[in-house]
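Visitor: Chain residues, written in single-letter form:
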Amino acid sequence: MTELLQQALTWQNGLIFLGWAVLFLFIVLGFVTYAIYFERKVIGWMQFRHGPTRVGPLGLLQSVADVLKLLIKEDTIPQKADRALFILAPIITFVPAFAVLAVIPYTPSLYFADLHVGLLYYAALSSLSTIGIILGGWASNNKYSLIGGMRSAAQMISYEIPLVISVVGVVMLSGGLSLRTIVEGQGNNFWEWNLLPQMIGFVVFMIAAVSELNRTPFDLPEAESELVAGYHVEYSGFRFAFFMLAEYVYVFAIASLTTVLFLGGWHPPLAILDFIPGLLWFMLKFVFVVFFLFWLRATMPRIRVDQLMSFGWKVLLPLALINIFVTAAYIELFLK
Amino acid sequence: MIRTEELLLNVGPQHPSTHGVFRIVLKLDGEIIKEATPVMGYLHRGTEKLAEQLNYTQIIPYTDRMDYVSAMTNNYVLVHAVEKMMNIEIPERAEFMRLIVMELQRVASHLVWWGTYLLDIGAMSPFLYAFRDREVIIDLFNELCGARLTYNYMRVGGVKWDAPSGWIDKVRDFIPYMRKRLKEYDKLVSGNEIFLARIKGVGIYDAQTAIAYGLSGANLRCTGVNWDLRKQEPYSLYERFDFDVPLSFNGDCYDRYRIRIEEIVQSLRILEQAVEQFPSEGETMGKVPRVIRPPAGEVYARIESPRGEIGCYIVSKGKAEPYRLKFRRPSFVNLQILPELLVGQSMTNLITILGGVDIVVGEVDC
Amino acid sequence: MSDKPEELNVQSPQTEQTERTPINQEAESFERAVDTPQSRLEQLVEQLKHDIAEDVVDEAIINEVNGQLPTITVKKEHWLAVARWFQVEEEWSCDYLRNVAGVDQGDELEVVYHLISLQTRREIAVHVKTEREQSWIPSVTPLWPTANWNEREVYDLLGIDFPGHPDLRRIMMPDDWVGHPLRKDYDPSDTEV
Numbered sequence: 009m010t011e012l013l014q015q016a017l018t019w020q021n022g023l024i025f026l027g028w029a030v031l032f033l034f035i036v037l038g039f040v041t042y043a044i045y046f047e048r049k050v051i052g053w054m055q056f057r058h059g060p061t062r063v064g065p066l067g068l069l070q071s072v073a074d075v076l077k078l079l080i081k082e083d084t085i086p087q088k089a090d091r092a093l094f095i096l097a098p099i100i101t102f103v104p105a106f107a108v109l110a111v112i113p114y115t116p117s118l119y120f121a122d123l124h125v126g127l128l129y130y131a132a133l134s135s136l137s138t139i140g141i142i143l144g145g146w147a148s149n150n151k152y153s154l155i156g157g158m159r160s161a162a163q164m165i166s167y168e169i170p171l172v173i174s175v176v177g178v179v180m181l182s183g184g185l186s187l188r189t190i191v192e193g194q195g196n197n198f199w200e201w202n203l204l205p206q207m208i209g210f211v212v213f214m215i216a217a218v219s220e221l222n223r224t225p226f227d228l229p230e231a232e233s234e235l236v237a238g239y240h241v242e243y244s245g246f247r248f249a250f251f252m253l254a255e256y257v258y259v260f261a262i263a264s265l266t267t268v269l270f271l272g273g274w275h276p277p278l279a280i281l282d283f284i285p286g287l288l289w290f291m292l293k294f295v296f297v298v299f300f301l302f303w304l305r306a307t308m309p310r311i312r313v314d315q316l317m318s319f320g321w322k323v324l325l326p327l328a329l330i331n332i333f334v335t336a337a338y339i340e341l342f343l344k
Numbered sequence: 074m075i076r077t078e079e080l081l082l083n084v085g086p087q088h089p090s091t092h093g094v095f096r097i098v099l100k101l102d103g104e105i106i107k108e109a110t111p112v113m114g115y116l117h118r119g120t121e122k123l124a125e126q127l128n129y130t131q132i133i134p135y136t137d138r139m140d141y142v143s144a145m146t147n148n149y150v151l152v153h154a155v156e157k158m159m160n161i162e163i164p165e166r167a168e169f170m171r172l173i174v175m176e177l178q179r180v181a182s183h184l185v186w187w188g189t190y191l192l193d194i195g196a197m198s199p200f201l202y203a204f205r206d207r208e209v210i211i212d213l214f215n216e217l218c219g220a221r222l223t224y225n226y227m228r229v230g231g232v233k234w235d236a237p238s239g240w241i242d243k244v245r246d247f248i249p250y251m252r253k254r255l256k257e258y259d260k261l262v263s264g265n266e267i268f269l270a271r272i273k274g275v276g277i278y279d280a281q282t283a284i285a286y287g288l289s290g291a292n293l294r295c296t297g298v299n300w301d302l303r304k305q306e307p308y309s310l311y312e313r314f315d316f317d318v319p320l321s322f323n324g325d326c327y328d329r330y331r332i333r334i335e336e337i338v339q340s341l342r343i344l345e346q347a348v349e350q351f352p353s354e355g356e357t358m359g360k361v362p363r364v365i366r367p368p369a370g371e372v373y374a375r376i377e378s379p380r381g382e383i384g385c386y387i388v389s390k391g392k393a394e395p396y397r398l399k400f401r402r403p404s405f406v407n408l409q410i411l412p413e414l415l416v417g418q419s420m421t422n423l424i425t426i427l428g429g430v431d432i433v434v435g436e437v438d439c
Numbered sequence: 005m006s007d008k009p010e011e012l013n014v015q016s017p018q019t020e021q022t023e024r025t026p027i028n029q030e031a032e033s034f035e036r037a038v039d040t041p042q043s044r045l046e047q048l049v050e051q052l053k054h055d056i057a058e059d060v061v062d063e064a065i066i067n068e069v070n071g072q073l074p075t076i077t078v079k080k081e082h083w084l085a086v087a088r089w090f091q092v093e094e095e096w097s098c099d100y101l102r103n104v105a106g107v108d109q110g111d112e113l114e115v116v117y118h119l120i121s122l123q124t125r126r127e128i129a130v131h132v133k134t135e136r137e138q139s140w141i142p143s144v145t146p147l148w149p150t151a152n153w154n155e156r157e158v159y160d161l162l163g164i165d166f167p168g169h170p171d172l173r174r175i176m177m178p179d180d181w182v183g184h185p186l187r188k189d190y191d192p193s194d195t196e197v
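Protein chains in written order, with our numbering: chain A, 9 to 344; chain B, 74 to 439; chain C, 5 to 197.
What the hints contain is simulated information worked out from the structure, not anything from laboratory work.
What you are looking at is a predicted structure, and each value in this text was computed from that prediction instead of being measured.
A few of these clues could be false.
[To be verified] EDC-like, lysine to aspartate or glutamate: derived pairs with alpha carbons at most 20 Å apart:
1) Lys392(B) to Asp111(C)
2) Lys390(B) to Asp111(C)
3) Lys151(A) to Glu125(B)
4) Lys151(A) to Glu79(B)
5) Lys188(C) to Glu137(C)
6) Lys151(A) to Glu78(B)
Construct all of the structure, not just a fragment, from the sequences and the given hints.
Guide: Written out as structure tokens, the structure is:
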């Protein structure tokens, strides 16, 4: 991939890029399908029940059946809804979700783009999806959606800042914003990963990441028991599938980002295990982060809007700032 | 020019958290509630009017459907009122059966409340755990009277079905099982930071307000008023058993939560003693005339249902049908405090407070 | 309305109601030689007559089957004063309104209030009667807020007006319903059924 990226852009190269991108899109869609299936299974097991078992062997085709159902549904748009924005909102939510996946390095040679400002690119694009949510809430012409959209805006602002600031410590330790550099800066043993030196940053990042994903305990914009599905209450059929798709592709993105930033990317936890290919280590850590997100969803109640914002501003942000100072002091005193 | 408007939001009859078909019309300023008006009557089925044409035994299935989560106590209040009027003596075994099923029903009802309350707050799993345990109780009732939710079990003078062989042993086995489960639930939920932050300090009122609004059940006891009809106006065999009434003083949702959990513990205590003292033989029906015709007069009988004081006011003219039958439903009366509690709260707290009041809309509308 | 116990006229002793103890039969006056429900009821009626009006109490009986519950019938014009009396009078201090039930007695409508004091446990049931046409009973919502929805239900189902009620409108039936379902002469025929 590296050589391919360094060559000049010809029609042939362009088509090869397109082919890889489409292949990757299918891989991500496959992930989404089975992430939904595994989420339902894992949450079911935690609640002492089976989860999907009927459609296909062990219920494996459940998500396929669900997606098929969504595709063949009637496309309803409320009469007084703002048509253009209503149609645009899911697209605006989904496109950045997929676009951020470009900068994640999976192995030393398998990546799509090595931007010098990879992390910044990620943070910037992921904020765009919130515009889609707010638009969806507004355009539905429904008060519940409006409240859901407004909550989402408040939540996004409150948690984007701690999210980005918590990784500044990692950036300082690695010396660059490029995600490849950050992974290469971590070593082949788990104590050389960024996890232990940046523990505070990791905790803040995980909490802020769950909030960015709009998942329980921070799923206020779509709080089922209060807002009856919040911002996507008027969406049905494939538009609804787009919102769900965006959420799960973001799960993929955040889990990959966590793996890259804090868990060592393709590095094994112990140096002697490096005969196992890096991609497998990446996938293992990634799966663990995704499982942790499912586990949180099954266990925690939902936090209230004012508590959410006070938590973000009064607790997470100061912690992230303290992390920066401590890291800076450490670098100045020990590494220079 | 930026201006703010008040939003009129309909927490409509169809809503996952209103526990039935019940509507609240909210005037919102952003997320703060300025005014809340409950609208009810969607589930009004005219039980009281229908009762005027049915004889007393025929009314019993109707009572099941009022507070469908706690049907045994509804049955009891009606037959208790009639037995008071006719001064009928109930055989001991029948009275024990009644007490055991009422306490089991209290546990089941509180489990439903617990599971759905936590579901409203956002935690998905306790709902399933609660229903799994309630399933054990429902199976017991199924074995006893053939129904899972609306039992039609009690009759004027006793109960319809006797306990099948081995049933009491199953009740006896249920008690330690439930105690173990309650400990697990306490560990899972009661210490959870998010949960505590959500319900502590929410929906506070004091004892005077509670008494003025006629609240009963856990809603009254959370303010420190020691009023539990099982102790203050004992009925059935409650005087024989040793149990405590949980009491609390802050008057917020957390107190109501803790009281109800503690009530399950106390119910298990009563069940344990009742199962020990259960008479090994006896009649299930007392001496009752073929046609139940209470003498002319009136009576107001009341018992402690899981939701509060449920009362049955009967005016009889000496016929087989009541002249007027009125149910004093605890959910209906408890709900009155809601508009006052909600002013100034955020919309999320609406769900927390409404869940804490523990209503069943079948009972609100009757 | 047969079989109701005889009406109490304070001057003559009651025949069937009280326990048959020799001391009791002598206690016609107001001294509390033996504290029976009957004597307390008589004292109550005297107090009400003294404090409110001569003709306030129409009837006063002890409801035997209902745990010796004193039951009085008051005139609706004096009902608000009587209610306030029960709330503030030291011996009674009825702070808890348990139940409000409307009854259609055929020739008139009545509302039954069950009051209790949580401290002293004294209970009383009060019947207030009104005519079928233009029926009204003063509202006790200012005294006990719990009466709010109870009176709305009685208004909705029986058609009794409650002057003094802050927000008297239908509660169970739809707002545009015609008629009052719980009345005995209500015609339930539904044209669509």
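Visitor: Indicate, hint by hint, whether the structure satisfies it.
Guide: How the hints compare with the structure:
As the CA atoms of lysine 392(B) and aspartate 111(C) are separated by approximately 19 Å, the hinted pair is consistent with the 20 Å bound. The hinted pair formed by lysine 390(B) and aspartate 111(C) meets the criterion: a straight-line CA distance of about 15 Å does not exceed 20 Å. Distance hint between lysine 151(A) and glutamate 125(B) is unfulfilled; the C-alpha atoms sit about 44 Å from each other, more than 20 Å. Of the pairs offered as hints, the one joining lysine 151(A) and glutamate 79(B) holds, with about 12 Å between alpha carbons and a cut-off of 20 Å not exceeded.
Of the pairs offered as hints, the one joining lysine 188(C) and glutamate 137(C) holds, with about 14 Å between alpha carbons and a cut-off of 20 Å not exceeded. For the given pair, lysine 151(A) sits about 13 Å from glutamate 78(B) by alpha-carbon distance, which is consistent with the 20 Å threshold.
Hint compliance for this structure: hint 3 is the single one not met.
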